[in-house]
Every structure is written in C-alpha cells, then in structure tokens.
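Respectively, the protein sequence lines represent chains A and B.
Following the UniProt record's numbering, the numbering of the first sequence begins with 1 at its first residue and continues without gaps.
Following the UniProt record's numbering, the numbering of the second sequence begins with 1 at its first residue and continues without gaps.
Calculated directly from the structure, the hints in this document are not laboratory data.
We put the beta carbon where it would ideally sit given N, CA and C, even for glycine.
Do not rely on the hints blindly, as some may be mistaken.
As the list claims (entries may be wrong) - Computed footprint of chain B on chain A, listed as stretches where at least three residues anywhere in the stretch have a Cβ under 8 Å from a Cβ of chain B:
| hint | stretch |
| --- | --- |
| 1 | 196-210 |
| 2 | 332-346 |
| 3 | 431-440 |
Number of protein chains: 2
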Amino acid sequence: MAAERLVVIGGDAAGMSAASQARRFRGPDELDIVAFERGHFTSYSACGIPYWVGGDVGQRDDLIARTPEEHRERAIDLRMRTEVTEIDVAGQRVRAVDRDSGEASWTGYDKLVIATGARPVRPELPGMDAAGVHGVQTLGDGQALLDSLDRAPGRRAVVVGAGYIGVEMAEAMLKRGFEVTVLNRGPQPMSTLDPDMGRLVHEAMDGMGITTVSGAEVTGVRTGPDGRVTAVTTDGETYPADVVVLGIGVTPETALAGAAGLPLGSHGGLLTDPSMRVMGHQNIWAGGDCVEVLDLVSGRLRHIALGTHANKHGQVIGANVGGGYGTFPGVVGTAVSKVCDLEIARTGLREKDAEAVGLRFVTATVKSTGRAGYYPGARPMTVKMLAEYRTGRLLGVQIVGREGAAKRVDIAAVALTARMTVDQVTALDLGYAPPFSPVWDPVLVAARKVNAAVREAGSA
Amino acid sequence: MAAERLVVIGGDAAGMSAASQARRFRGPDELDIVAFERGHFTSYSACGIPYWVGGDVGQRDDLIARTPEEHRERAIDLRMRTEVTEIDVAGQRVRAVDRDSGEASWTGYDKLVIATGARPVRPELPGMDAAGVHGVQTLGDGQALLDSLDRAPGRRAVVVGAGYIGVEMAEAMLKRGFEVTVLNRGPQPMSTLDPDMGRLVHEAMDGMGITTVSGAEVTGVRTGPDGRVTAVTTDGETYPADVVVLGIGVTPETALAGAAGLPLGSHGGLLTDPSMRVMGHQNIWAGGDCVEVLDLVSGRLRHIALGTHANKHGQVIGANVGGGYGTFPGVVGTAVSKVCDLEIARTGLREKDAEAVGLRFVTATVKSTGRAGYYPGARPMTVKMLAEYRTGRLLGVQIVGREGAAKRVDIAAVALTARMTVDQVTALDLGYAPPFSPVWDPVLVAARKVNAAVREAGSA
Numbered sequence: 001m002a003a004e005r006l007v008v009i010g011g012d013a014a015g016m017s018a019a020s021q022a023r024r025f026r027g028p029d030e031l032d033i034v035a036f037e038r039g040h041f042t043s044y045s046a047c048g049i050p051y052w053v054g055g056d057v058g059q060r061d062d063l064i065a066r067t068p069e070e071h072r073e074r075a076i077d078l079r080m081r082t083e084v085t086e087i088d089v090a091g092q093r094v095r096a097v098d099r100d101s102g103e104a105s106w107t108g109y110d111k112l113v114i115a116t117g118a119r120p121v122r123p124e125l126p127g128m129d130a131a132g133v134h135g136v137q138t139l140g141d142g143q144a145l146l147d148s149l150d151r152a153p154g155r156r157a158v159v160v161g162a163g164y165i166g167v168e169m170a171e172a173m174l175k176r177g178f179e180v181t182v183l184n185r186g187p188q189p190m191s192t193l194d195p196d197m198g199r200l201v202h203e204a205m206d207g208m209g210i211t212t213v214s215g216a217e218v219t220g221v222r223t224g225p226d227g228r229v230t231a232v233t234t235d236g237e238t239y240p241a242d243v244v245v246l247g248i249g250v251t252p253e254t255a256l257a258g259a260a261g262l263p264l265g266s267h268g269g270l271l272t273d274p275s276m277r278v279m280g281h282q283n284i285w286a287g288g289d290c291v292e293v294l295d296l297v298s299g300r301l302r303h304i305a306l307g308t309h310a311n312k313h314g315q316v317i318g319a320n321v322g323g324g325y326g327t328f329p330g331v332v333g334t335a336v337s338k339v340c341d342l343e344i345a346r347t348g349l350r351e352k353d354a355e356a357v358g359l360r361f362v363t364a365t366v367k368s369t370g371r372a373g374y375y376p377g378a379r380p381m382t383v384k385m386l387a388e389y390r391t392g393r394l395l396g397v398q399i400v401g402r403e404g405a406a407k408r409v410d411i412a413a414v415a416l417t418a419r420m421t422v423d424q425v426t427a428l429d430l431g432y433a434p435p436f437s438p439v440w441d442p443v444l445v446a447a448r449k450v451n452a453a454v455r456e457a458g459s460a
Numbered sequence: 001m002a003a004e005r006l007v008v009i010g011g012d013a014a015g016m017s018a019a020s021q022a023r024r025f026r027g028p029d030e031l032d033i034v035a036f037e038r039g040h041f042t043s044y045s046a047c048g049i050p051y052w053v054g055g056d057v058g059q060r061d062d063l064i065a066r067t068p069e070e071h072r073e074r075a076i077d078l079r080m081r082t083e084v085t086e087i088d089v090a091g092q093r094v095r096a097v098d099r100d101s102g103e104a105s106w107t108g109y110d111k112l113v114i115a116t117g118a119r120p121v122r123p124e125l126p127g128m129d130a131a132g133v134h135g136v137q138t139l140g141d142g143q144a145l146l147d148s149l150d151r152a153p154g155r156r157a158v159v160v161g162a163g164y165i166g167v168e169m170a171e172a173m174l175k176r177g178f179e180v181t182v183l184n185r186g187p188q189p190m191s192t193l194d195p196d197m198g199r200l201v202h203e204a205m206d207g208m209g210i211t212t213v214s215g216a217e218v219t220g221v222r223t224g225p226d227g228r229v230t231a232v233t234t235d236g237e238t239y240p241a242d243v244v245v246l247g248i249g250v251t252p253e254t255a256l257a258g259a260a261g262l263p264l265g266s267h268g269g270l271l272t273d274p275s276m277r278v279m280g281h282q283n284i285w286a287g288g289d290c291v292e293v294l295d296l297v298s299g300r301l302r303h304i305a306l307g308t309h310a311n312k313h314g315q316v317i318g319a320n321v322g323g324g325y326g327t328f329p330g331v332v333g334t335a336v337s338k339v340c341d342l343e344i345a346r347t348g349l350r351e352k353d354a355e356a357v358g359l360r361f362v363t364a365t366v367k368s369t370g371r372a373g374y375y376p377g378a379r380p381m382t383v384k385m386l387a388e389y390r391t392g393r394l395l396g397v398q399i400v401g402r403e404g405a406a407k408r409v410d411i412a413a414v415a416l417t418a419r420m421t422v423d424q425v426t427a428l429d430l431g432y433a434p435p436f437s438p439v440w441d442p443v444l445v446a447a448r449k450v451n452a453a454v455r456e457a458g459s460a
C-alpha cells in the first residue's frame, strides 16, 4: 500500500505540532508529510517577540522551538519560503509557489491541515507603510523593528493600540530607552478588561512614565524627506515619533481557505468541529490563529490568537490525522500579560460579553495582596469577579496587580471550565502560606463578596 | 426577650472568626458573645511565626490580625488568660479559670463554639523540657525561641522534624546565622510528599547548606550543667546543639471536648457535619485545628491544622450561629511551603494515600520551568501527577521547584474539587505569556504524560 500524504499549510505552532504529532503516530512508510511555510522560520514563539525587542531575550533564535532542520530529521518534507496560493478541494491538491524562484507546482494530498495563522490589523491610513512603522507579528518583523531602532533619529516611540501587544511593546520600547506614548482608541488601555480595571492599568503605566492617550483615533503617519516616519496624527493631536509600533490586534489569515470555499465564521476564522476537522470536510483540519474556537462560558464562537491554543490544536489534529483520537473542547478566554512589573489577567466574560449574550450578572471588586500582608514584598492586587444573577455561576475574573496576580487567574479558569458557582469558589482549598497568599486568597475574597451580592440581588 | 448567649472557647482564627461573623448577623441586643482565650493573644497567624523568627517579619504584632481590644470594640466579651477546664453539656455551661488569679466560675451558654486548636507533638524523651528546646506553635513560643537564640552559647541549631514547620524553621535558623541540621524520621524530608519528590527537597536543602539526616530516630536531649541543651541524640549519632526546634507536627487539642463526651474521630479531632455542628449536638459547633475534615478525594476524614481552613470554619460557624447558612464541604489536601527559594506544594493524594483507600493509580513526573524557557529567570520545576487507573480521574499533584511552583498547585486543587479527569486537565485554558509560563504549562505537561499512562495501562 502506498503511503498516504498529509499536507500542512503553515510551519508555525499549530501546523508543525500537528505534523510532529502525526509523525509520532505513523512512520514515514505509512504517512508522507509535506509542510509549506512561506517565511524563513518554523515553530517560533511570536509571544516572545516583545521580550526580544525589549532585550530580555538575547537572541532571535532563542524564540525558535524547532528549526526546519529539526523537523526534517523527523521525516517531515518541509518546504520553506514556499507559499500555498490555492487549495483545490475537489482535486485534493494545493498549488505552492517558491518565493525565491517563483516556480509554482501542485501537490496532492489525502489529508490537509490548514494552519495559516493570523495577520496584524494594519489600518489603511496615509503613511502606514512608511519606514519606521512596524508590526510585530513575525520574527522578521521583530528584526526589522530592532534594526529600525538603531536607525531612529531620536528616542520617541509611539505605540498604536493598548491591547496585549501594545502594552508589551510599550514596556519593550521603555526598556530600549525610548520615551513612549501609547495611542488607544478605547476609553482605557486593555479593552480585554472592563474599563474600571483598564483604568488601573492606565494609572500604573502613568507611574512607569508611559504616556497613554485614550480615545485617540489615529488618522495617519507623517514622514520626512527620507520617507521615514516623523509623527503620528490623531483626530485631535500630532505625536512626534522616531519609531511607530502597531499593536492593533490580528485577524485570521483565511483568504486562501475562503477562496477554496471552506466555511468561515463571523470573525473570519475557519469553522471546525471539536476534533478540529473543518466543518463538512472529512479530510481537512485547521487549527491555530486561523480558526474560531468555542467559548465555553458564553457558548459563542470567538477568535483568539494565542500560542497555547495553537499548540493544543496541533496536538489534537496530529492525533486525529495519525489515527488516534483527540478533541479541543474550547476555551474560557484566559489571557495574561504584563507591563513592567504590573501583571494583567482575565478569564471568562467581561461585563459587555455577558450583556451581549443576555446573561444578567452581579460584580464585585476587591483589593488584596499576593502574599500575607505582613510578609515582605506583599504587593497590591485588585480582583474583579462576575457571577450570574440568581444561579451564582462564575462568569469571569479580571486581575490587575503586582507579583502573583497573573497566574492566579488560573484558579478561575479551572472553576469556569467546571461551571462552578461563586459559592463553590468560596470553599476552594487553595494553597496558603504567608509567602504565597493571605490566609484568604484574593480570589476567595472576591468570590465571597460577589457571592454576597448574588444573594442580595436574588432577595431583592 | 433576653439575649441568647454564645460562648466561644479559643480566641484564635476559628473561634474569633465565628464570633465576629455571628456578631455581623446579630447585634448585642440579640446575641451575647463571651469568648475565652487561655493565652495572651487573639487572631494571630501561627503560620507566620517561622518568618518572624527568621527575621522576614519584623514585629510579633505584625502577625496579629485583630487584638483583644479590637474584638471588644465589636461587643465581644473576650476573657483573656482564662482557660476553660470543663464543658457541662447537659447543663449548657462551661467552667473557666482565670490563669492569673486562679479563680474559677461557670458561664452558661445557649450556643457553644469549640475552637481549642492543636498542640505540638512533643516526644516524651529525656531532656525535651530542657532550656533551649523550643516548639513554635504560639506567639509565646516564638518569643521564647527568639530570646533563646540570643542566649545560645554557639551557632548550632538542630531542627527535629522535616515537615512544613521543620523546613520553614530550618530556613529561619539559617537566616539567623545558625548552622542547621534537620533530623528526619522518614526516608526523605517532607513526608507530605512521595519520597521521590521529597528527595528533591533534600537535594535542594543540601545546596542551601542545610544538613538533613533521614531515618533519624531521636532518643533524647543532652544538657549541660546549666540545664541548657547541648546535643540531640538519635539511635545512631549525637548532634551538638545550641538550640533545638521541635517541628514534629500537631495533634488536635480535644481533651476538654473528649472529657465532655463529645464525639472524636480516629485522628483525635472533633467530628462535625458540613455546617460544622458537632455530631449529635444541635447547639455546639467546632472548627479549626481541633476538628477532623472530610477529604473530598479519598472520602476519608483527616486532621489538617491550617489557618486557611480555620478561617473558613469560623465564617461558616458564625453564619450558622447567627441565623444565616453556610457549609464547609471539605478539603482536597492542598498545602504549600518553601525553604529559602525552593517552593513545595501538594494537593490530593500521595501514592500511599491512594493505596490506603484502595485506589489503583498511575503516575507521571515531568520537569519544566515556571516561565518560557527563553525568558530570563526561568527556573526548574518538577511536577508529579497521580491519576486513577481506567477512569483517569485526577488524584493528586506534587510540585517542587523555584519561583512559581507553589501556587501552581491551585490549578490541581480546583480540578480535584471538580473531580476532573486528567484528560480534561490537558485541555484547560490556563494563562500563558512568556514571563509566566511555557506555552504548555508544567501542570498541563504532567497531565498529558499521566493521561498517556492511563491509556497505556488501560489497554494492557
């Protein structure tokens, strides 16, 4: 029997995890694996780019989990700098173009994995392609930005966007000695939090010397005679800039899949079942930043670009392609980040997410510390918790604080997955010792307060 | 209507939380609250004593959450230095003795809360009462030890016991400039872990310059002409000592309750229902270190002396006494600690716990890091996970490592409470960003490995 052929489009986390996992299940005599990557790198941590740009991570290659050579050693026919330009679903083949030679060829498949990732949102405004204006999606972007910093005529950086990438890049620019201004469209930075929690991030960034301008609608970029950026303009102001970093988020890279007639959701991502099989296509799987995922709390589909999901998708796809079994049940919307020593975390639904799905809720916000108050290094932490009206089901948690704030959100992530009520959360047996927590963990304090609010609201 | 009277025996976490919470529900015109405390202090953090002795916490009073005066301001009739010597259950009254005047009197109650705590195990061996030999259960013990350090003729400390208190006191003695030897009866320190994980603690303590002697059965203490300790003897060796710290664990302080005919369990603790009402007694509650608690994983009763449980018990009792409603569903056995920068955590069952209740299991142990491997400060962490054979139910997790190891156990604590399988754990949506976790959190890596072991064992 001739070997089956698996074709993988995209050589980053989801695609190469799928390929590697499929290889573990089935050897080269059983399964032929061809993977196409249009860029120069495979299996790298895009999430690490801000720390490389900021200097915490010394080398670009530190971010690469597995090189093309390492993949090839595992009998994966990896074709770098080769872009798939068409998927012929009926003919079970893909057309790929060698980006150096320009040569195109068709490759047939028995099974196909689409892992084309996401692309940064780049506003269509005057000057956005100017020298000195940088996205930070790929290693190439990171290198271009680092080179640009060396050439920058001054030390003024403007970061457009105040989400995860925006605040992480603000920290990176600060560490590189730049004066940093963050332009933020919304009412507060970190729109992945409720505005009352975003305000805490704003205040902390002020304290770090980062200027955050909220409600700023960018209208364009001004350039000098050499074509390099000199300023960013908004509807109201002009912000001089020697370098501009775009951190406005990403959108699923699904033009190829869409053109092939594969099903896309309302966020532009591919639609899959829990085995990560593309809906209606027995032999096509998709995973990573190009798919939509089920939000287990709201029951809706979302698009979340995050390496940890991409890796899980890859594992599930690889098992299923290789003849094993795996499913990705969904997400609860956990995300953590930091700006300098300020930790930011969220999971589940924000107020507006709950409203959007018609869930009535109560909230409580508490201030506590990450260690016992008397223990050295105890630093403040604010926890906001949402619970469903009447049922008391936990709906979401947001945490902003210093050491120990970010990963505390995992408690809530597990509780959300288990569909616990906040009453159940109050009784959780969490780790306690003075260096690690007050005797009531901040998450428990928040749960007690919101639980009381649930009871009060229910009796009203 | 005359006010009801609530009598509370014990002025620490459980007792005073109960009193305070009951007061929130019912004012002084409705409920008369009398609390007896035989010592000098109320509501203090016994868990903080090692850090006070070690110098991390500057003042004894930093460990006191609420003073007698603060309790009295809340209309609690608190009688300090007054020891309850008898409970007359049929007569609904307690006999208390003023420890200064020696005067005894009876106080009647409508409702009674027993929160008599635990007492340290003090082996009945020659010389254990000598000067320079110290327990660390109470603030008084801590002060006596600190005074003793000043009087110590040399700088050799012997710590008897290598559980939580033992290792924390080893760190404290090290910080005070002592040469520290820990004598440990078991095969490895931290018998709350499996020996393979305890070995990692042993190795780390070696690296810190703490000498740990395992399999050491203490036979007595030698004293000098001044009556002060000079050495600790074991079945094999003699260890010179200028100060000795006993950290051998605690046992429920239930002599009073036992004499009154109240029901005690096999660990010597009071038996209660989930509302913390003493079994068979409508108007008596008990909580804190003097009760046994339900282990939700094994289904057995255990005795666990831990401030966080005591506080929860107090809240529940106070609500029930005050006319509200609360239950304490049980524990999963979570405990965290540290020795210098080594973090130690456990939750659920060890191998021998699972064996003791007839659960067949598989295990997996993985090494990972608390941050992305390329992120500065990424430090090693070992995670061991137990899952039930066939069903794959998570049974327990042990973590030993540096920064970020201890509180990661909370993920497992919540998953145990929700009775998740390790397969479900592999899919958890945990916080990921390079400064906080590798793309696969160490707990997820362990879950994947043990999940594979479950499948393999099931197909064998």
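Hint by hint, which ones does this structure get wrong, listed from lowest number up? 1
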